[in-house]
Structure formats: C-alpha cells, structure tokens
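Colleague: Starting from the known structure of chain V, fit chain X onto it as the hints suggest.
Chains as they are written, first to last, in this note's numbering: chain V, 23 to 618; chain X, 508 to 1094.
Just so you know, not all the hints are guaranteed correct.
[As the list claims (entries may be wrong)] To give an idea of the interface, some chain V residues facing chain X are shown, with a C-beta separation under 7 Å as derived from the structure:
#  : residue
1  : 107
2  : 130
3  : 149
4  : 151
5  : 224
6  : 226
7  : 229
8  : 236
9  : 240
10 : 320
11 : 321
12 : 441
13 : 443
By construction, these hints were calculated from the structure, which means they are not laboratory data. Just so it is clear, CB atoms sit at the ideal spot from N, CA and C, and this is done for glycine as well.
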Amino acid sequence: MQEEEILGKAYDSRLMRRLITYLRPYKKFVALAFVLILFQSVLETLFPLLTKMAIDDYIAVGNMAGLALIAAAFAGLLVVKFLAETVQTLTLQNTGQGILFDMRMQVFGHLQSLSPSFYDRNPVGRLITRVITDVDVLNELFSAGIVSIFGDIFTLLGITIAILLLDWDLGLVTLSVVPLIGLTTAVFRYKARDSYRRVRTAIARINAFLQEHITGMSVVQLYNRERKSQRKFESINDTHFRANLDAIVAYAWFYPAIELLGAMAIALVIWYGGGKVLAGTATLGALVAFIQYSQRFFMPIADMSEKYNILQSAMASSERLFKLLDTPPAIVNDPKAIRPAERATGDIEFRNVWFAYNPSGKDEWVLRDVSFHVSPGESIAIVGHTGAGKTTTASLLTRFYDIQKGQILLDGRDIASLDIAYLRSSFGVVLQDVFLFSGTMESNIRLGSPISRERVAAAAEDVNLAPFLKTLPLGLDHPVNERGSSLSAGQRQLLAFARAFAHDPQILILDEATSSVDTETEIQIRAAIERLMAGRTSIIIAHRLSTIQKCDKIIVMHKGRVRESGTHQQLLAERGLYYKLYQLQYKDQEVGVPGD
Amino acid sequence: MAIVHPQKWRVLSRLLVYLRQNKLRLVLGFISIVLTNAFLVASPWVIKYAVDELSVAVTRERLAYYAGLLVGITFLEGCFRFAMRWLLIGVSRTIEYDLRNDLFRHMATLPLSFYQKNKTGDLMSRATNDLGNVRMLLGPGIMYTANTALTAVFAIALMLWIDWRLTLIASIPLPLVSYSVRHFGKKIHDLTEESQAKLADLSARVQESMAGIRVVKAFVQEDHEIDEFRRSNLSLVDKNRQLIRVTSIFYPTMQFMIGLAVVIVLWLGGRRVVEGAITIGDFVAFTVYLGLLTWPMIALGWVVNLLERGRASMERLNYIFDSAPEICDSAGVIRDFSIRGAIEFRNLSFSYNGHATLRNISLSIPHGKTVAIVGATGSGKSTLVQLIPRLYNPPPDSLFVDGVPIEKIPLETLRASIGYIPQDTFLFGETIRENIAFGVDAASDEEIRRAARISNIEADIEEFQQGFDTMVGERGITLSGGQKQRTAISRAVVRNPKILILDDALSSVDTYTEERILHELKEVMRDRTSILISHRVSTVREADEIVVLDRGEIVERGTHAELLALDGYYAGLHRRQLLEEELAVSE
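So here's chain X without its partners, still in its complex pose:
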C-alpha cells in the first residue's frame, strides 16, 4: 500500500474540475469536520472536570451544569457532524451524477471500433462499479480520511497535554497497529482479487450453461454441467476460506492492540494518579480519548482501501474518457447541406487493424439507383457500406455524397439521411412503436403502421395482445430473428431516408417474405438510392448494378445479365443454384 507515491495519484486530476465546481460546499464541509472534532474532544474534558470536582468537593448545581454542558456540546457536535455528512457526501453524489452524465455523453461519441475492441461486460463494469468506487473515494474516502486524521490529531494533542509521558508509552502498540494494517491489508487485498476472479469464473460458467441449456439437455449433459459447476464452486469457496483465515485474525488483532493501550493506561496511568502527577479526572478523560481513537485505528485500513480502490477505478474510467471520438465533424464542414443521395467511392482503400480490408474501390451510385453487393464472407462487403454513415472513417477525398467529400458533410445530416439496417439486429427494451420510431423525432400512428406494412411485420404485431405497444425484450416478448429484422427495416423506413442500406438484413426471413418486402421497398425507394448486400441471387438480381467483392477488391460489376455473360464468380454462384434445379428436373 504505497499510498505516498504522488505519481500514482495523478490519474485523479480529472476530478479537480468537478471538485472546483463544488468549492463552496467542500470548504463548508471541511469547516464542519474541524468543528465536529473540536466539540468531540471537548466532551471528555467536561467529564474530566466533573470527575475531578467530584473527588474533591462539588455541589448538585455544578453537576447539573456539567451534565447540561455535555449534552449541549454533543448537540453542537451532532449538528456539525450532520452538516459534514450532508455537505461532503452530497458533493460526492453531485459529482457522481455529473460524471455519469459526462461518461455517457462521451461514450455516445465513441466510434464502432471502440465498441468492437471492448467487451460490453467490461465497459458496463467500468461505467457502474468503477464509477461507484470513484464516488466512494470522493465521498466517504475524503470525508473519513479528513475526519479520522483530525480526530487523531485533536485527541492525541489533548492526551499529550494531560500527560505526555503516559501518551508516549500508551502509543507503543500504535506502530504495531500500523504494521498489521499494512501487512494484513496487502494479503487481504490480494486474496480478495483472487476471490473476485474465481467468482467471475463461476458467473461465466453459469452464464454459459444457462445460455446453452438446449444443447445441454439435448445431449443429456446435466450431470456433467453440475460436476463442472461443483469444481468452480469448490475452488471459489477454497479461495474464500483462505481469505477468511486472514480476516478472522486481522480484526481481533486490531482490537487486541488497542486493548493493550488501555491496559497500559490503566496500569501506568493509575500509578500516575497515585503518585499525584495527574488527577483522577485526567485519568478518566485519558481512557475516553483512547476510546475515541479506536474507531479511527480500525477505519484506517478501510479508508486506505477505499482510496486505493477509487484510484484504480479512476484509471479504468480514464480509459474511456481518454478514448478519442475519432469520428466527428471537422473544421471545414459545410453547414446546411442537404443530401440527394448520389454516392461515389473514388479509388478508396481502407485498412482496419492494420489489415487491408478494401482496395482501390471505385464505384458510383447515381441518385435513385440500386446497387447490390455480393461476395464471400470476409470480402469486405459490410465494411464498404459501413463507411457511408461513417461508422468508420474513410480516407479523405475517397468517398463522396452528391459530389462532396463525406467528411465535409455534418455527421448528423449525413446519418439522418441514411436508413442503415445492420446484419445483427439490435432492438431496445421499449415498445415496438418506440423501436420503430427510434430514429425520428415524432412519427404519427399512420407513419409507423405504413413502415410496418412495408416491412411485412404489421400483421405479426397486430397478433400481439398489446399490438404496437408490446414491449420488446426481457420485460416483454421475445421476437423471432425474422421479426426482429423486419422491425429493424421498419425503423429505417420510417425515417424516409435518401439512402437505404440493407446489410444482409433479410437473412433470417424466409424467401417468400423476403420477396414481398423487396417488392414493397421497391415502391418506396423509387427515387432514392439503395444498397443491398446479400448472398441470395433472388435478392440482388434486379439491381441496377451488381458488384462482386473478393478480398476487398471489386472483381466483377454489371447487371445480372452482364455478369452471367462474364462467366465469373457471380455466374458460378448462379450456376451452383441452377445445378440444384437441374438435379431436381432430371430425377
């Protein structure tokens, strides 16, 4: 627990801005801490006077005065303790609120590549657990550190005032306390991490077994799963027991050491009273001060842990904050641009993760035309179309919309003109209506229905009990793969996009339904630009131009008939399917 390395704590500098915004409350909070502790250490002093006077001579009035004083002081102390908590913990909640909003705002600017590189579970844990740890550092962490330090300083100062020699001797166990905090603390920290890792393993096991339950059952693997689970479970419990062995000694040890200090005071302090060096009141006050120190001693380890954890978590949060948005409007952007929908790739090459994904692509799609892209898995089809809404940044001056380099078009305008339907459908846990109207500010009931009708999902939706108000996902119904894809198509259609992109978005829909959707879409897209990616010849054959991609290059292009005449990849694909038909006829 090398808490003293200033370098290590530099990661927290991002928090300074937030702290500065709450300067007033922080200053008042710290003043409250000082006053709380001032009143806290005043109470034993009252007891000291009361006891001293009792052992000599006192009146009932004096006793009542002391009793009243004690209650009054504690009341004031309580007021400031309330203020301290309310101000300082309140600040930490305010900062947590701001930080969480800023985090989400920043995450909304991060590119697709960021989300591909980082697992959802990992980002979730940063945005929730780590943010929580930073909050703990800012709130209880700072408050208890200051409070603990002040209590210790005040109490020890007064103890020294009463009897400096006794104080020094009673402090003998203190270095031992600090040593054991450090020694046990490190062990506890390490074992806790190992145990956390085992718990993560166990969760992963459960997750997998539950997600794959159909396979487990189909292959009668229940016993095997239980055995595997038992092994992970046992290994977690073993680790926890190692941790327990350390913690169950640690806390009693701390108590024991503080108890030792009390013994010393009782024995030597008693002697000092007998010798007449201190009064009996001093002696009693001394033991009460020692009592006040107990909590700070025990809290020390906990507070250090809070700070350490918060620092580590801030580092993990900074990872997100420091990730650059990459895809955003540049300085030379053209305001008030309105898109018609002509797209041109001009000798475009694109690398992703150092891997050349697209090479020398030149492709012009005039406004209102339909282009289809076919090619094997991994040939770069998806990447090509993902460049259009700038999910990735194309190299400058290589991709044009209406003759303007895409990076000169405001990102918001660009994306608002595109209806992009990705391969993997993602719907939100809202109603179907909200999901369809996802990308528009307001949509009338008729507009939503029309979009649903075009994508052939209206009838399905009407069969649900709550129709368009049916919730999707965990809290509602589970849509089939095809229903999801069709909902996603509605979501794009309702935006009335100038450019429609279907990235293999009909793969879970049967050919019959696909046929109908394509037919409907053709009507809608009459004067708009469409790009279709598909493996099915039936989907692409009527496009104005068909482009065949192979390992990132355009190897064939032309109409259906032209490509068949070319007798290349496309013709091969076509023939293969033809072969099946001939087989059928010949039998």
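So that you can see chain V by itself, here it is in the shape it has in the complex:
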C-alpha cells in the first residue's frame, strides 16, 4: 500500500503537540480568536433567552413598549455577533495563511538540504504532494478545524449551562438524549472512516492508472491493449463505486438519525415541560426557549462529525510531513569545514575509493578500490561499458554521495573536510540529460548566480550557441518551458555548456551525451567541448573518440575497478580492454577503409 493511502486515527497527541508549536508565532492572534469564539458562544445562548423574555414578560401581558425594547436588544446583539464573527474569521484565517507560509518554507527549505540519494528514492510527484497538498490539509486544520471544534464545544457547554440554569430538571430530561447522540456519532464515525479510507485508496489507484495510461496511450494502442486496460480500469472504478455506496449509506442515515434525536428532545420538552407548564412550575416562554435550544444543540454536533474528516486527514498529513522533516540530510557540512580563500587549483586524487549506493546491501560495490590522480589543468577521460561506474565516479567528486572507504582529495584536502558550497562551485558539471528550468535562455545559463548579461552572452558565444540564438527573435530572452521541449537535443547540450562556461569553474565534469545528433550540431558540440576544457582540469565520461584522444589520460573502468590507464596510443598498444572497446565501436569504419 502506498503512503498516501494510509489513514490512521483522528487524534494523536504526539503529532498534535508538535503541530501546536506552529501556532507559537501567532499566539496573540490565536488568543484573540479564542476569546472571540468564546464570546460568540455566549451570544449564541442569549438569543433563546430573549425569546423567553419576550413571550413571558411582554407578549403574555401585552407590553408593546417592552417588546420593542427586546427586539432592539436582539438587533443590538446581532450587530455585536456579526462583528465578533467577522473579526474572528479574519484573524483565524490569516493566521492559518501565516502557518501555511511558514510550513511551506520549512518543508521546501528542508527538501533543498536533502541529498541526491533522497531524491533517488522519492519520486517528484510525492514530494510535490508534501509541499502542496499535505500543507494545505494542515491549513484547513488550523483555520477551520481546531478552533471551530472549540467553538462547537463552547456552544454546547453554553447551551447546557443555560438550560440547566433555566430549569434544571427539564434540562436534565432534555439532555437525556445526549448519550444516544454520542452512540450514533461513534457508529457513524466508524462506518464513515472505513469507507473514506477505501474511497481514498481507490481514488489514488484511479489517478495512478489514468496518469500512466494517458502518458503511454500510444503504447496501449500499438500493443492492442485497449480492451485489457479497459477491463482493469473498470475493476478499479468499481472498487471506487462500491466504497462510495457504503459512504452514502453511512451519511444518509446519520443526518436523519441526529434529526430524530433532536425531535425526541423537543418531544420531551413538550411532554415533560408541558406538564410543568400545567403544574405552573414552568412558563410557556421557557418551553419555547427550550425548543430553540434543542434546535441549536444539534447543529454543532452534526458539524463536529464533519470536522472528523479534517482531523483525520490532518493527522495523516502531519505524520508524513514530520517524517519528511525528520529525514536528516545524508550529506552535511563538517562543523570544522574549511573554506579556502583562494580558488581551487584543480588537483584531484582518488585514493583507494570504495563506494556502494546501498551500503547495507551485500556485495553491491559500484566502485572498488579506485585510485587515480589528475594534475591541475590536465584532462582525463573515463571510458567503459554501461554500469562500469563512470557516472558514479563523477558524482562522488561533488559529494552527491559520500564514499565508504578511501579518500577523495581536492588540492590535497579531503573533500569531506571542505565547505560543500566551495567544493561544488569549483566544479562545472554538464550531465547527459540536460535539465532546463522554465524561464529564458539567459536565466537558464545564469541560474541564480550573480552573472552579468555580458558574461552570459559571451558564454553563449564561446560554446557556439550564439548562431542559434540569432535565429530567435528574442535571442537570449527567448522563453524556455516544459523542460525545454522546444529545443533540440543538440541545442540543449550547447545551452548546458554555456551554463558551465558562464560559471567559470576550475574543474569541468562532463558526461557526454550518447544520443546522437545531426552532424552540424555534432561539430559545434565538439568545438564547444574543446573550448570548455582549455585551461581547466577536466574529467570526462567520454563516448566520442575525438574527445577521448584530446585527453591527457584515459582510465578504463570495468565492473567498478580501474582496469587500464594511460594515453590513447599506450592503451592501444596494450591490446587490452580499451583496444577491444575501440575495435567494437569503430569496426564498420575499418571495413569501410578499402572503399575509400
């Protein structure tokens, strides 16, 4: 079962205590809202009393002037109630928004601090749900749930006190239906919770199914899966339908049941209270007030069971949020981290590095005892089959993951002892899969760094992106959106180069794209890579022979180990793994030679 589908209890004191801490900065506002709610509850209990006075003291004796006075008092109280309610709602809802803002900042900020290993495990969709939906659910708890539950409780208390003061034995008789209300509500809650959970699970499944099939509809069609998928969808849909039918039954009997109990209370008032009127121990006005109180009594109770759902989802959401907030970042700055004043020179060394993505798993080493050294300004190419550990090697340098054994050194210092921001800004990383942010060409090159437009333009020029920019009417201001779908793979590569160039790193890490592009672009990319490498320490996960040959040193990796290293010619002469790789990749061209 997915996390989203689990729904627990409606109240958890541990979670609640932690939630309450978010109210702290708004203490004054919350206090004000509380006072106002209390005040409203008191007002609420006054109206039936006024009716009683009107009937007993004025209508019964025909005192028109007094009646007008009561009406005026009634109107006055209405105005006060209006003001109290408005101010209270305003205060509470604005506080809710404040908490919403704070929580979102906290969750998002925390997400930014988490390491790539966290993002490997958690799909983006789930994280969006945390920041958006779960926080929203809690906002509802703060602005509609908690406080109005208190409001409901106060009102119930107020009415109870009022009727007991008015006529305590009639009051007790009327209140005798309350245990039945409790019982009814408990049964309803139990039934509603079960069907609510099933509905939520079914909805999650429907959404997942639709999302998948809309994205992959052409595959469904190509593989003649329409009918099979339809059957599967109908069965999920049916689960949803049945869960909802149960929910309908639960809700359909609950309201009438509460209403019936209300009528029983009024019947008791008429029967018992009527008897008291006959006996002269109660007035007609008191009876009418009791009838009105009974009507008002059942509203908050019905209301409270509605709030139950809010409370329940809020508990589930806060559980998930707190779990996220309690996830410590796997990679943090050492407290004694060094931030050298000077820029890195680019001397890199791997010393007997062992690494596994999942350290607890047995024998899953991705890198085994890897050692190599790159001097400042030198370039090194890493080659090998898929899964040889090439990309991993590159992401260890920027501390996306921490190694288990060995050492990685930058300028002779262990990278674990360096300030992370310092470390990462020394590197310029260009990955195979270029990620673009929505914005403009310029904002994608600059990102959030303080780089002038001139430098952005110069960087675009340097990596051969400028000719393409000239074809765009807005040039650097050309909008980029939806993960850059309007740009070709080659253009995206060039944009990524410009991004690295503009940030002027001391060390370049380049994971060359395998997907081939047309030859024009290929030539431009090749030239851009050469310019990027000039004067920098470069580590290149190379796929193109042209790039490999330009490197000072080549490392051949196989199953997590460095198997061979040396220059192109040396390695060819060795007739080892590199030689075989080389043969395989360019075999057809060798065959082609005689024809030329």
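Modeller: Same frame as chain V, now just chain X:
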C-alpha cells in the same frame, strides 16, 4: 452568476442519456424529496397546536400525543431523507462510474496527435477533477437544488397561511440576501480562480526544483531556489488573504440578515399576538419555519457554485468526448486478413499540422527484408515509420501492406502484426514480466525469458531480488535508460511480430550491447520484415537497403557499398566517423 441563460446549460445534454438510464431511481428520489419536505414542515405545525393548547387548556394525554406525533413525523421524514440521499447520490455515483468508463474507452480510441496536442496534466485534471465536479452537479447539485427549493416553497407557503402580512414584512431582508449572494459570490469565484492559478504556479516551481535538484546542487543554487519559492509562496498567501477578506464578511453577513428577519418576527409577530391576530402557537411555529429557511439561504450560494462549476467542467469533459477517434476501421475493411509483412509506400506525401513532413516517398520493403533509415533530426524518419501501425493516418492508397491499402486492413490485425519500439521508452508501473507480456494475451515463462535474452536484459533482470516479478517505476525499481529500452525491445519481440520497427530504440544502449542485440535480432527476424532507424552507421550498415531522408524526401537509397559509391550524405556521415579513426592512427 447568470444562471438563467438556457444556452449555457446545453453542454449538459450529454448527461441526459445517463439520467434516462436511471429514470426510476430519479423519480423515486424526487418523490422522496417531496415527502421529506412535507413531513419536515409538518413538525412545526404540531408544535403550534401543542403550544396553543398549552396556553389555553390541555391534558397530559394530549401532550403525550403531540410528543409522540412529533417523533413519528420526524421518523417518517428521516426515512424519506435517507431514501432521497441514497437514491439521488447513488444515481450520481452510478453515472460517475459509467461516465468514467466511457471516458477511458473513448480516450483509448484517440490518436497520438491528440495526446501530443494536450498535456498529460491537463487531460488528467479533466478526467479526475472535472469528472468529480460533474458528479457533484449530478448528485448534491441536483439534490440540494430541489430540496432547497421545496423547503423554501413549503415553509413560505405555510408562513403565508399563518400570517401573510408578517411573512411579507419578515421577507424584507431576503432580497438583500440574494443580492449579497450574487455580489460576494462573483468576487469569491474570481478570487478563488486567481488563487488556484497561484497555487498551480507554486506547484510548478516545486516540480521543477525537485526534478532539477541535481543541477541546483551542482551549481549551489539552493538559496536562489528558496528565494524564488518564497516569492511564489508569498504571492499565493497574499491572494488567499484577499479572498479571506471577502469570505470572512460574507458568511457573517448572511447570518446577520437572517437574524434581522428573526428580529422582525419577534417584534411585529409579538405585537400581532398581543393584538390577537395570531396565536402564540402561530408565533412559535413562525420562528421555527424561519429556522428551517436558514440553511437553504446559506446553501443557495454553495449550490449555485456547484452547478456553475459542474457546468464548466462538463464543457471541459466534452472537449475530450467530442474529439474524434480519426484512426479507426472504415466501412470497406477486409475481415480475416492475415499479414505476411511486405510494406510499400507509394508516392506518399504527408502533412502534420499544416507542415509537409514527408514528400513523394516511394519505398518497397519485401517480406523478410531489412531496411534502415538515416537522416538528420527532423527529417521525418519517425513519422515515416509511425504511419505503418497507423499512429497517424496516411493518405488513402499510398501505403500498402502485402499489396493491400493499409486503411483496408483491420486496425487490430495490423497493429497485432507489428512490433514497434518507439524512441522514448514507456513502461508501466507493473512487474517486468507484465511489462514484457504487455502486448500478448498469454505468454509462458519460457517465451518471456527468450524475449529478454534476445534483447540482452535477462542477466540484468536476474540480478534484481525479485527477478521478473520486480515492479517497475515509482513503487519498484528505477531502470536505467538502456535497461528500459531493452525491456521495450523484449515487449516487442515476445509478440512474434511480422514487422519489427526500431525507432532509434538503441540510443541509450552502449555500442557493445547494441551489437549483441542486433546480432540476436537478426536470428529472430530471419523471415520477417524489419525497419531500423538509427544515427549509428554500425546499426544500419548491414541492412538490405539504406534510405537517407532529408527534409521529408528520400535523397539516397541503396546498400552500404552503393551509398558509399554515391558519395552523398551517407558517405559524408561515414567519412566523418572515418576521419576520427584516421586522426587516431596518425597520432
């Protein structure tokens, strides 16, 4: 809230069929509403008699009788209220169920172009949120509209019966209520939409920042991301606060107006009792009726909103329903056609979105042969092969399979004979086994393994803890790009297709593995037709014919050797790669 324009509501006509199917339950539901309200307004009348008799003379037995009557009436009312909810909300759920199935059935017939034109997120929101809104219109929307109207009509009728003058005077605040519902309603509606838009912006921000977290971290942009997020967050909260300012006045205002009506009744009604125009029982019943009206008044705005939203959503659903399937079997289709696999493009030209993508293509691929297509990005390679399984409709009489125009072959037969492996691999969130067996009714374990072996993925799969039963995607493991492509190849191979199409489907696989897959495939495809699209010379060089496409036209064709002799695009591509080799040798 111009609710009265009949034109606007015509979009709902599609729902009539569904409503008609549930006629019986609907009629019974409406009868229940009438009876519910009849009993609802009867209770205060009982109270009226009880109070009246109390103020004159009454026995304990009479009181017990009234008390029992009150409970009995409420019990009956409750029964019908239960029936009303159960029937009417039940109908809305039934229709939701049917509508959702029909929607999916229809979506499964829509062509690729439809899914290219419409974003997944947008279609998702139509199929989920909008369907939900339509359900709300059909269920609570219809039920509460009818119920609210009837309660109001019944209660007001009885109030008029008691004292028409008092009723009219007490109704003075009513136009104000209706005015404020309309005034605030419009504002709330607009602000809610603006706030929704801001929320969508915020979600997009998070989505982007999370998806691009590696870039963010590599370029140390965390603070910048947080700043940007703060800006969006603040702008959302600001909008919400504007909305709050309106809503926190709206609801108290409504309560205040209803309270005013109560004051009027208390004051003038009291006077009428004193004057002897009405009894004290009338007076009490009057206030209770006013209480019954409170909820309908407040619900009015909500119900109108439900109807409005449901209507707008139906319009958005109709967009999907009204999109034509375009690609389907025509009248002249040949039943029981069996495909051998010869393909012929006969002077085919094809335009997509008014843009000529393919021009005068003539290409014949005999049964059992392999044709390779090369060319620059955007030259029309993918479009050309996508015409074969009719992902797009080719012009009539321009594309033939076994000499028969493709539009005469049943779509299902055609597609069942093709193993098409697209450029972008899409796998489903099922097990690897289910993904491989995706396009066949039943596949034995051996068949699945064989397909996996051919596409060089078997060893990878066996390394997973649950082997072939490993889940793919969010709930399971994340496959690498190459693993995905190889799984997709297995999916095609297991179907034993007469025609195999690889649309640059080995791009994420390294050359070594590619070599092995091609070698295996060659065995399998011995007497079948294959089409390969690739940028790599190594992939295409052994094809029976190589075709070079440039801006939608075939510019070169022949075998590897012939094309080299031709000294055109292909030879250039070849030379470029050769150059690298020579460079290497000369150093």
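Colleague: Each of the hints needs a verdict: does it hold here or not?
Modeller: Results of checking the hints against the structure:
At about 4 Å, the closest approach between the beta carbon of residue 107 of chain V and any beta carbon in chain X falls short of 7 Å, and the interface hint on this residue holds. Satisfaction of the interface hint for residue 130 of chain V is found here, the shortest Cβ-Cβ separation to chain X being roughly 5 Å, below the 7 Å cut-off. The beta carbon of residue 149 of chain V is positioned within 7 Å of a beta carbon in chain X (closest approach about 5 Å), and the interface hint is therefore held. A cut of 7 Å between beta carbons decides the hint on residue 151 of chain V: the least distance to chain X is about 10 Å, and the hint is violated.
The interface hint given for residue 224 of chain V is broken, as the beta carbon of that residue sits about 11 Å from the closest beta carbon of chain X, more than 7 Å. The interface hint given for residue 226 of chain V is broken, as the beta carbon of that residue sits about 11 Å from the closest beta carbon of chain X, more than 7 Å. Proximity of residue 229 of chain V to chain X holds as hinted, the smallest CB-CB distance being about 6 Å (cut-off 7 Å). Taking 7 Å as the C-beta contact cut-off toward chain X, the hint placing residue 236 of chain V at the interface holds, the least distance being around 5 Å.
The beta carbon of residue 240 of chain V is positioned within 7 Å of a beta carbon in chain X (closest approach about 5 Å), and the interface hint is therefore held. The closest approach between the C-beta of residue 320 of chain V and any C-beta of chain X is roughly 12 Å, which is over the 7 Å cut-off, so the hint fails. With its C-beta approaching chain X no nearer than about 9 Å, residue 321 of chain V sits outside the 7 Å limit, and its interface hint is violated. With a least beta-carbon distance of about 10 Å to chain X, the hint placing residue 441 of chain V at the interface is violated under the 7 Å criterion.
Look at residue 443 of chain V: its Cβ gets to within about 5 Å of chain X, closer than 7 Å, so that hint holds up.
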